[in-house]
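*Asks:* Chain by chain, the residues:
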Amino acid sequence: MNRQVVHETDAAFHSKRSRFRGRSFKEAIEFYLFISPWFIVFIVLGLIPLLYGLYLSFTNYAGFNMDRLVFVGLDNYRKVFTDNDAMYSLGRTLFFTVIMVPSTIILGFLLAVLLNQNIKRIGFYRTLFFIPSIIPVVAVGTMWRSLFVDDGIVNKMLEALGLEAVDWLGYDYAIYPLIIMLLWGVGGGILIYLAGLKGVSKDLYEAAAIDGATTIQRFVKITIPLVTPVLFFQFIMSIISSLQIFVQPILLAANSNSLLSTPLRPNYVYSVHAFQQIFAYGRFGYGLALLWVLFVMILILTIVVFTTSRFWVFYEVDQEGK
Amino acid sequence: MKRSWWTACLSVLVISSLLLMSACGGGNGTNSPGNNGGSDAADGESKDTAKSGEQVVIRHTMYDTEFTSELVAEFEKTHPNIKVEIVSADYNKLMAMMAAGNGPDIIRTNSVTELPGFVLKGMAMDLTENFQASKVFNIEDFLPVVNQFKYDIASGKHGEGAIYGFPKDWSPDYTIYYNKKLFEEAGVPFPSSTEAMTWQELVELANKLTVKNGKKTTQYGLAYYNSTIAANQDLLNLQLLQRGSSMFSADFSQAELDKPGTKDLLNFWLDTAKSGIGPSPLQQETDWGGQLFVDNKAAIIIAGYWFSGFLKTNELTKDRLDDFGVAPAPVVEGGKRISPTGAGTGAIIYKNTKHPKEAWEVFEWFFGAEPAVERAKAGYGLPGTKTLTEMLPQESAFDKMNYDFIQNELQYTDGSLPYNPYLNYQAVNSIIDKYFTPVYFDKDTVDGAVQKMTEELNTLITEGKQLVSP
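Read top to bottom, the protein sequences are chains A and B.
Quick note: the first sequence uses full-length UniProt numbering, first residue 1, plus one each step.
Quick note: the second sequence uses full-length UniProt numbering, first residue 1, plus one each step.
Read the hints as simulated data drawn from the structure, not as lab findings.
Don't be surprised by glycine CBs; every beta carbon is placed ideally from N, CA and C.
With the Cβ distance kept under 8 Å, some of the chain A side facing chain B (calculated, not the full set):
#: 1; residue: L169
#: 2; residue: T262
#: 3; residue: Q276
#: 4; residue: F279
#: 5; residue: A280
#: 6; residue: G282
Put together the whole structure using the sequences plus the hints.
*Replies:* Right under this line is the structure:
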């Protein structure tokens with residue numbers, strides 16, 4: 001390297017520094033100060049614990065051996081793929097995801113379409129369907145459990161109709177209360193769907209009506225394409241939340257008295273397995289590896305959905321950078 | 001522009017001070033008035049000592065319902081050099097505190113399921129000499145239950161060797177309370193209060209007391225306070241102890257669930273659950289066993305002496321105590337009659353405490369002096385010494401019945417339930433729940449479940465052993 005280059009870099013550095021001293025420097029500082037409340041909290045309470053967790057997933061951390069941690073390399077990750085229960089619970093989680101994602105999107109969207117009508121007391125109905133998503137999940141679980149127990153209301157109703165009572169919380173039926181309970185909260189998305197539906201211009205419907213389009217045609221050709229950005233968002237969010245189902249199966253477990261209760265096999269999902277590995281078995285390192293695998297899976301699925309989005313999501317305005 | 005600059009600065013200030021405050025709060029738990037206040041809290045006890053003469057802070061994890069603020073005040077009055085502070089910590093928080101080298105001085109410990117593990121993890125201080133030198137404790141006076149705080153590291157024997165702690169109160173947890181009214185309705189004679197039934201006899205008795213409406217049970221013959229009457233490690237360990245056996249090899253390095261005796265017991269509980277005489281995965285209940293009992297929905301409950309205190313204070317039972325009787329813990333056919341405690345909760349002293357002398361002063365007072373006498377007189381549990389046992393309440397007919405019963409049952413309380421020191425109690429629960437529950441629903445066989453449970457237990461035992469002896 002010759003002297004000239006050094007001089008040039010030096011000069012560039014000086015001019016940069018002087019620019020920083022000026023107005024733009026002050027603006028930059030202001031910018032960082034403004035985002036700092038969120039940024040500091042994110043780093044301290046978000047990023048550092050996450051990375052620390054990642055580090056621990058490569059150790060034999062068991063909750064008490066911090067002073068003599070052993071680095072075990074990829075052992076914990078290898079275990080994830082050889083642990084029968086991890087794979088079994090992953091299968092169950094995917095099963096619930098496959099059921100939950102389409103049903104929450106279809107039901108949620110249809111519900112929102114109904115709640116978008118101009119009828120009397122629509123506000124009341126909107127509130128009614130939104131309520132389940134503001135009730136604490138533990139209360140929801142306890143409620144559904146007491147509805148589904150042997151002498152619960154559901155069985156009483158069946159008997160009143162002359163049907164036979166069903167062992168809802170038993171092995172053969174256990175998935176149904178869980179799915180019903182999860183679907184009960186489907187109204188949580190209506191807020192976002194409604195916002196999407198309100199965003200569809202009335203002019204389009206009027207124009208279509210003049211051209212003689214039927215209600216169904218208008219719904220399929222105008223409403224659905226124009227709310228695809230919202231559907232896309234809900235699609236991603238419901239994939240994430242379905243893969244993370246955790247407390248609902250525990251609340252319906254046969255011996256449900258703590259977070260460590262084990263759900264029946266059909267409801268034994270991945271997050272429950274990870275939680276048990278950490279808090280019942282004391283395998284913190286392995287449990288963290290399980291959770292990082294889940295994280296990567298969610299990431300991959302999200303990326304896949306994102307890449308498909310350009311084939312089916314329609315934006316009315318051009319996206320930045322396209 | 002100027003204004004926004006200041007807003008930004010202010011928000012940074014607020015957030016950082018909030019963070020600082022929360023950090024301080026987490027570091028030292030509660031700060032009672034009279035302490036040096038929030039600013040010094042994070043610095044810990046050494047500074048406190050320096051500022052207010054020779055005062056030392058002793059932190060403990062007993063519950064505030066046990067080591068009440070009144071007791072703390074009483075202690076601090078006579079011990080001006082010691083300040084007692086409560087730190088509430090569940091198992092995971094306790095372990096985090098250990099990991100940070102910041103363990104509480106006195107650690108609440110379940111002697112039956114936790115003590116050996118705590119000793120192996122290097123958490124417990126050997127208190128043998130303290131007990132020998134103590135003027136408050138008299139080793140000769142100890143009941144067998146105190147042995148649960150003994151562990152011999154060399155031989156791995158629980159119940160022998162050095163002593164690490166003392167029980168607060170305890171009960172022989174597998175004794176039986178029954179509802180006389182439900183016995184009379186079924187025309188069944190009361191069980192003996194001195195002779196133990198076999199488990200088989202208990203189940204047969206419960207069968208007579210079970211009322212069914214079609215397939216559904218409307219009145220249970222038998223309930224277990226802690227869980228359902230399905231196979232669980234507590235009941236299995238008791239039966240195995242009575243047989244002189246265990247789920248594990250003698251040195252706890254292997255799970256041996258496939259021994260014929262153990263399989264018989266698993267089959268026994270499988271049949272019991274299927275017969276519908278009590279709550280089980282096949283007959284789920286939202287209430288715990290005690291609630292079913294006071295609601296007259298269960299005729300017999302397996303629960304300890306503490307349950308008499310529960311009956312005395314429960315709104316549904318306190319005015320009809322004569323309806324209830326008590327009987328000894330059942331025994332395995334051909335086994336030895338042992339009626340041990342299932343918990344024997346007390347405390348140990350943290351091995352690396354900075355103030356061993358003061359910690360012992362607090363320990364000795366709480367577990368041996370006035371508070372122990374008060375607890376014995378209240379009768380919510382049994383004390384750790386023979387002398388204090390004399391002080392248990394015996395005024396009312398119900399108290400007298402419990403007192404007489406306990407005096408007899410105490411002869412059979414010596415014995416250590418064979419919990420594995422390398423395994424978390426919760427882990428064994430989860431494993432049994434996970435693999436044995438499908439058997440009730442005919443989705444697996446006893447043999448299949450035994451094989452899966454053994455495999456998983458062995459993996460965990462190997463890991464657990466490596467962790468305590470790297």
